[in-house]
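Residue strings, one per chain:
Number of protein chains: 2
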Amino acid sequence: MDKKEYIIRQLGRTKNKRYESYVVTRIVHLLNDFSIKFVTQQYVSRPEGRALTDLFFPQFGIHIEVDEGQHFTCAAIKEDKVREADIVNATGHEIIRVDVTKSFEKINSKIDEIVEKLKVLRCNEQFSAWDIDSEFDPQTYIQRGYIDIVDHVAFKTIKDACNCFGHNYSGYQRAGATHPNPHIMLWFPKLFPNGEWDNQISNDEKTIIERNMNDIKAREHIFSHLNDKEKHKHQRIVFAKVRGNLGDTLYRFRGLYSLDVQKSNENTGLVWKRTKTKVNTYPQPKN
Amino acid sequence: MDKKEYIIRQLGRTKNKRYESYVVTRIVHLLNDFSIKFVTQQYVSRPEGRALTDLFFPQFGIHIEVDEGQHFTCAAIKEDKVREADIVNATGHEIIRVDVTKSFEKINSKIDEIVEKLKVLRCNEQFSAWDIDSEFDPQTYIQRGYIDIVDHVAFKTIKDACNCFGHNYSGYQRAGATHPNPHIMLWFPKLFPNGEWDNQISNDEKTIIERNMNDIKAREHIFSHLNDKEKHKHQRIVFAKVRGNLGDTLYRFRGLYSLDVQKSNENTGLVWKRTKTKVNTYPQPKN
Numbered sequence: 111m112d113k114k115e116y117i118i119r120q121l122g123r124t125k126n127k128r129y130e131s132y133v134v135t136r137i138v139h140l141l142n143d144f145s146i147k148f149v150t151q152q153y154v155s156r157p158e159g160r161a162l163t164d165l166f167f168p169q170f171g172i173h174i175e176v177d178e179g180q181h182f183t184c185a186a187i188k189e190d191k192v193r194e195a196d197i198v199n200a201t202g203h204e205i206i207r208v209d210v211t212k213s214f215e216k217i218n219s220k221i222d223e224i225v226e227k228l229k230v231l232r233c234n235e236q237f238s239a240w241d242i243d244s245e246f247d248p249q250t251y252i253q254r255g256y257i258d259i260v261d262h263v264a265f266k267t268i269k270d271a272c273n274c275f276g277h278n279y280s281g282y283q284r285a286g287a288t289h290p291n292p293h294i295m296l297w298f299p300k301l302f303p304n305g306e307w308d309n310q311i312s313n314d315e316k317t318i319i320e321r322n323m324n325d326i327k328a329r330e331h332i333f334s335h336l337n338d339k340e341k342h343k344h345q346r347i348v349f350a351k352v353r354g355n356l357g358d359t360l361y362r363f364r365g366l367y368s369l370d371v372q373k374s375n376e377n378t379g380l381v382w383k384r385t386k387t388k389v390n391t392y393p394q395p396k397n
Numbered sequence: 111m112d113k114k115e116y117i118i119r120q121l122g123r124t125k126n127k128r129y130e131s132y133v134v135t136r137i138v139h140l141l142n143d144f145s146i147k148f149v150t151q152q153y154v155s156r157p158e159g160r161a162l163t164d165l166f167f168p169q170f171g172i173h174i175e176v177d178e179g180q181h182f183t184c185a186a187i188k189e190d191k192v193r194e195a196d197i198v199n200a201t202g203h204e205i206i207r208v209d210v211t212k213s214f215e216k217i218n219s220k221i222d223e224i225v226e227k228l229k230v231l232r233c234n235e236q237f238s239a240w241d242i243d244s245e246f247d248p249q250t251y252i253q254r255g256y257i258d259i260v261d262h263v264a265f266k267t268i269k270d271a272c273n274c275f276g277h278n279y280s281g282y283q284r285a286g287a288t289h290p291n292p293h294i295m296l297w298f299p300k301l302f303p304n305g306e307w308d309n310q311i312s313n314d315e316k317t318i319i320e321r322n323m324n325d326i327k328a329r330e331h332i333f334s335h336l337n338d339k340e341k342h343k344h345q346r347i348v349f350a351k352v353r354g355n356l357g358d359t360l361y362r363f364r365g366l367y368s369l370d371v372q373k374s375n376e377n378t379g380l381v382w383k384r385t386k387t388k389v390n391t392y393p394q395p396k397n
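Going down the list, the sequences are from chains A and B.
Mapping the first sequence onto the numbering used here, position 178 (from 1) lands on 288, and the numbers just tick up by one.
Mapping the second sequence onto the numbering used here, position 287 (from 1) lands on 397, and the numbers just tick up by one.
With a straight-line Cα cutoff of 25 Å, these simulated PhoX-like cross-link-like pairs (lysine-lysine) come out:
| hint | chain 1 | residue 1 | chain 2 | residue 2 |
| --- | --- | --- | --- | --- |
| 1 | B | Lys220 | A | Lys147 |
| 2 | A | Lys220 | B | Lys113 |
| 3 | B | Lys127 | A | Lys147 |
| 4 | A | Lys114 | B | Lys220 |
| 5 | B | Lys147 | A | Lys212 |
| 6 | A | Lys212 | B | Lys114 |
| 7 | A | Lys147 | B | Lys212 |
| 8 | A | Lys113 | B | Lys127 |
| 9 | B | Lys216 | A | Lys229 |
| 10 | B | Lys229 | A | Lys220 |
| 11 | A | Lys127 | B | Lys113 |
| 12 | A | Lys229 | B | Lys220 |
| 13 | A | Lys212 | B | Lys113 |
| 14 | A | Lys127 | B | Lys147 |
| 15 | A | Lys220 | B | Lys147 |
| 16 | A | Lys114 | B | Lys127 |
| 17 | B | Lys212 | A | Lys113 |
| 18 | A | Lys113 | B | Lys220 |
| 19 | A | Lys113 | B | Lys216 |
| 20 | A | Lys147 | B | Lys216 |
| 21 | A | Lys216 | B | Lys114 |
| 22 | B | Lys229 | A | Lys216 |
| 23 | A | Lys127 | B | Lys114 |
| 24 | B | Lys212 | A | Lys114 |
| 25 | A | Lys114 | B | Lys216 |
| 26 | B | Lys114 | A | Lys220 |
Restraint-style ranges between C-beta atoms, simulated for each label pair:
| hint | chain 1 | residue 1 | chain 2 | residue 2 | range |
| --- | --- | --- | --- | --- | --- |
| 27 | A | Val192 | B | Glu223 | 44 to 50 Å |
| 28 | B | Ser145 | A | Ser244 | 41 to 47 Å |
| 29 | B | His262 | A | Cys184 | 41 to 47 Å |
| 30 | A | Ser244 | B | Phe302 | 53 to 59 Å |
| 31 | B | His262 | A | Val260 | 51 to 57 Å |
| 32 | B | Arg128 | A | Phe246 | 20 to 26 Å |
| 33 | A | Leu162 | B | Asp308 | 50 to 56 Å |
Take a look, some chain B residues computed to stay more than 10 Å from chain A by CB distance:
| hint | residue |
| --- | --- |
| 34 | Lys147 |
| 35 | Cys184 |
| 36 | Lys229 |
| 37 | Tyr256 |
| 38 | His277 |
| 39 | Thr317 |
| 40 | Asn390 |
The hints are simulated quantities; they were obtained by calculation from the structure and are not laboratory data.
Think of the CB as a built atom: it goes at the ideal place given N, C-alpha and C, for glycine as much as any other residue.
With the hints as constraints, model all of the structure from the sequences given.
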């Protein structure tokens with residue numbers, strides 16, 4: 111998918127609310143700078159379930175929310191505030207609301223203000239232009255030296271994720287792979303019940319529970335980890351298999367998780383706690 | 111419906127083609143001038159059936175067509191050419207095509223070119239700013255002194271149309287009304303078979319056929335017109351009842367039609383031929 115395709119498809123998705131399309135397309139077109147990435151209907155994790163925002167600029171950590179009438183009952187305002195505080199706390203992101211019950215002039219001037227703010231942020235020296243090819247390319251992260259959750263890193267294939275950690279695979283399909291540090295594994299799970307595994311991730315993404323659906327296999331799997339004296343199996347870098355918001359499959363970086371030996375048991379399954387949101391990358395060994 | 115509502119609803123309708131929303135919203139937002147009216151998915155009459163264009167600027171008579179891949183087979187190109195020539199011939203309008211199979215940069219620079227062209231046209235001294243309230247107000251046309259088909263005039267009610275011709279109705283529901291000239295009638299027909307009347311308008315809008323569904327009534331109605339020696343019933347100013355492209359009922363000005371006595375008969379019905387596309391308006395008589 112090239113940038114043209116991406117932009118067309120992202121803008122084509124904004125059909126939920128009556129004013130959403132107007133606000134989202136107006137911001138994107140007036141900004142008129144496709145070195146700035148945007149995502150429509152972005153999922154954001156928060157302690158109480160996930161929330162969806164109308165437009166997200168990942169380079170700036172800014173979300174735009176189109177507030178239609180339904181947001182202005184007292185209960186809704188309170189709920190919005192909680193939701194907003196959750197997102198801000200969980201991510202450090204900023205949320206800007208556009209109240210579309212106001213006059214057309216006020217809506218447009220609010221949009222102008224947002225566009226101006228984004229243009230100023232874009233002038234920051236640290237700004238790194240959106241490159242749709244390089245963002246899925248392992249070389250980008252190998253050269254950067256790390257993968258950080260704030261950058262919303264995802265790969266199109268398992269092999270691309272593996273190749274950020276010293277591998278040189280042209281194809282790889284298994285859900286686990288080695289890491290230069292023998293105490294760490296790369297893991298590519300489906301974090302939902304999927305037939306063989308009953309996996310779950312908490313809403314704040316800090317805890318993953320892993321358990322085989324089959325009780326005998328579950329028991330075996332759990333004890334092989336808990337009894338691993340050398341703790342080779344006690345840390346995992348997680349790239350969760352997800353559906354991207356354009357319907358494509360992605361392996362999204364979630365962080366480094368460590369086994370919580372105390373909480374893990376035969377009934378619950380293995381309990382993994384996130385211990386790092388940024389991990390080092392490794393070049394492929396020279397021939 | 112105010113301008114805000116109109117713009118939101120018009121932009122919300124562009125969901126047919128994949129690139130249509132991108133092109134339409136980009137032109138409207140970059141133009142960024144709501145004194146310029148636009149209509150999405152505008153019907154245009156042509157000799158061989160009606161055609162739909164993606165975006166229309168009535169003040170300039172300019173249509174924008176988003177050309178996706180399907181337009182580039184030889185047969186489709188030929189068909190498009192015929193369709194385009196038809197529209198241009200029937201209306202004098204210009205059609206500008208945006209080829210969205212081209213690169214993103216080329217699409218955007220084509221859009222810039224269109225926006226530039228519209229801005230230049232807007233600087234014309236003759237330009238009259240879009241006023242959504244006044245465009246449905248009889249006073250606008252009374253002051254102007256005429257109603258012209260090139261201005262795409264439509265009213266929300268029959269009384270508003272009547273009041274352009276000397277009436278001062280606060281409500282009026284009948285399909286016919288008088289005109290200061292006793293040889294002319296105002297007519298508000300449904301130009302499709304509608305239970306009582308089997309009416310039709312030709313694709314080029316130049317001919318209307320009117321016939322009652324009931325043969326006895328049809329005969330009586332036809333002969334009362336054909337035998338009207340003083341020809342009081344031989345000319346009609348037509349405002350056809352139509353559904354506007356936002357689903358609202360409108361009475362759209364079609365012109366002055368004159369009875370074609372030769373072609374009218376008991377079997378065919380009354381045949382009306384358009385003889386004028388511009389008619390004078392009349393102020394309400396002073397008390």
